[in-house]
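S.K.: Note that the sequence shown covers residues 1 to 431 in the UniProt record's numbering.
Simulated from the structure, these hints should not be mistaken for lab results.
Since the structure is predicted, the reported quantities are computational estimates derived from the model, not experimental observations.
Take the hints with a grain of salt, since some may be wrong.
[Stated by the list, open to error] For lysine to aspartate or glutamate, the following EDC-like pairs were computed, each having C-alpha atoms within a straight-line distance of at most 20 angstroms:
1. K2 to E55
2. K263 to D252
3. K2 to D66
4. K2 to D95
5. K2 to D91
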Amino acid sequence: MKAAPAPADEIERLAALSDAAILDTPPERAFDDLTRLAASICRTPIALVSLVDRERQWFKSKVGLDASETPREVAFCAHAILGDELFLVPDAYDDERFADNPLVTGAPNVRFYAGAPLATADGHNIGTLCVIDNGPRQLDDDQRSALSALARQVAAQIDLRRANGRLAKLNGELVARAREAQAVIEQRKVIERIKDEFVSTVAHELRTPLTSIRGALGLLEGGVLGALPDEAMEVVNIARTNTDRLVRLINDFLDLEKIEAGKLELTPKHVDVRRLVSSLVESLSPVAAEAKVELWAEVRGDLDLVADEDRIAQVLTNLMSNALKFSPSEARVELFAEATATGHVRFGVRDRGPGIAEADLARLFNRFEQLGGHGPRKVGGTGLGLAISKAIVEQHGGTIGVASTLGQGSTFWFELPPRDTRPSLTAPSEM
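Starting from the given sequences, assemble the full structure and let the hints guide the process.
M.R.: Below is the structure:
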């Protein structure tokens with residue numbers, strides 16, 4: 001007896017067999033039907049789906065045989081998997097490889113063997129579909145062709161099992177990752193809630209003393225303690241300026257938190273644009289006067305606008321404050337409002353400042369971006385104003401942008417669409 005050598009791809013072949021997760025599994029009709037069909041077509045008493053493992057051959061399906069496995073060293077199938085064609089042994093007694101094989105000299109008394117390799121999709125022969133008889137014989141061409149075709153169907157069933165196994169594994173991994181992602185999301189929600197509570201608490205704790213400080217500074221400026229020396233008044237002014245800056249910083253952070261949490265609520269109503277522009281000019285006139293900058297405004301035509309007036313005022317105040325900061329003395333800052341050809345309401349703020357380089361324009365509306373240092377006076381701020389303004393405008397369904405030329409100034413603008421295109425911003429009914 002001659003035992004079959006290991007195939008050249010033995011390691012990969014065994015890996016493919018393991019990947020199929022089929023060894024030592026219960027009988028399955030899909031395989032048993034093919035085995036019975038092979039026995040019937042070839043007219044043999046025995047037919048097997050034999051899988052060649054490391055040290056054994058194991059029968060996934062069998063007809064006419066009680067054994068479930070045999071040692072690999074005596075397996076005819078171990079020879080059959082060495083090639084890709086049908087392996088035939090017409091008479092084992094006349095074949096030196098098998099004449100003294102215990103499967104020939106004893107039960108099941110193999111004389112005739114025909115085995116078609118089971119080739120996986122990746123080209124590894126992991127076993128055979130074989131037929132066995134206890135007398136010498138041959139298969140005709142139709143029987144050979146049918147046995148090979150049935151073997152391909154068995155291999156396809158095994159490939160399907162492998163694919164389903166991979167799919168199940170992948171699905172399990174996806175489920176596990178989904179659970180991990182959900183856990184992370186829940187954790188982040190907790191962190192966000194804690195952060196929101198922290199920011200709200202800190203803002204409240206800071207606002208209260210700052211309000212008191214601002215009030216006290218206002219009293220000092222108003223002369224409640226009498227006229228202060230110039231040096232003392234300068235200190236008071238510095239303290240007031242820094243206090244106001246802290247208040248703006250707190251308000252900006254709170255607005256940013258609302259925006260990121262999707263909690264920035266708008267209260268839409270009909271806006272008297274002329275009155276809004278007039279009030280903004282009036283409130284910023286002292287700042288303009290101090291900077292020696294002329295403040296000019298124009299409302300062109302009758303404008304119909306439904307929006308959150310306070311938030312629109314916040315955007316315009318931010319744009320105008322920036323324009324005043326960057327404008328040289330004796331220059332003019334222009335505020336205008338007009339209707340566009342499409343019915344939008346367009347606001348614009350134009351300055352005669354140093355302008356902005358084209359490379360910097362894309363960064364302007366990012367959080368914490370400041371392009372200061374080029375203006376005529378020291379520029380303060382949080383770097384959040386334009387980012388918040390952009391969010392407010394976009395929540396109204398509008399757009400915001402800037403046109404600028406170095407050495408000539410900048411025009412910041414935003415447009416709000418007609419109210420009938422913004423169902424979420426429907427104005428209250430008028431009685």
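S.K.: Work down the list of hints and note, for each, if the structure agrees.
M.R.: Evaluation of the provided hints:
1. K2 to E55: Holds, because 15 angstroms separates the two Cα atoms, which is no more than 20 angstroms.
2. K263 to D252: Cα-Cα ~14 angstroms, so holds.
3. K2 to D66: 25 angstroms, violated
4. K2 to D95: 10 angstroms, holds
5. K2 to D91: With Cα atoms ~16 angstroms apart, K2 and D91 stay inside 20 angstroms; holds.
The structure fails hint 3 only (numbered hints given earlier).
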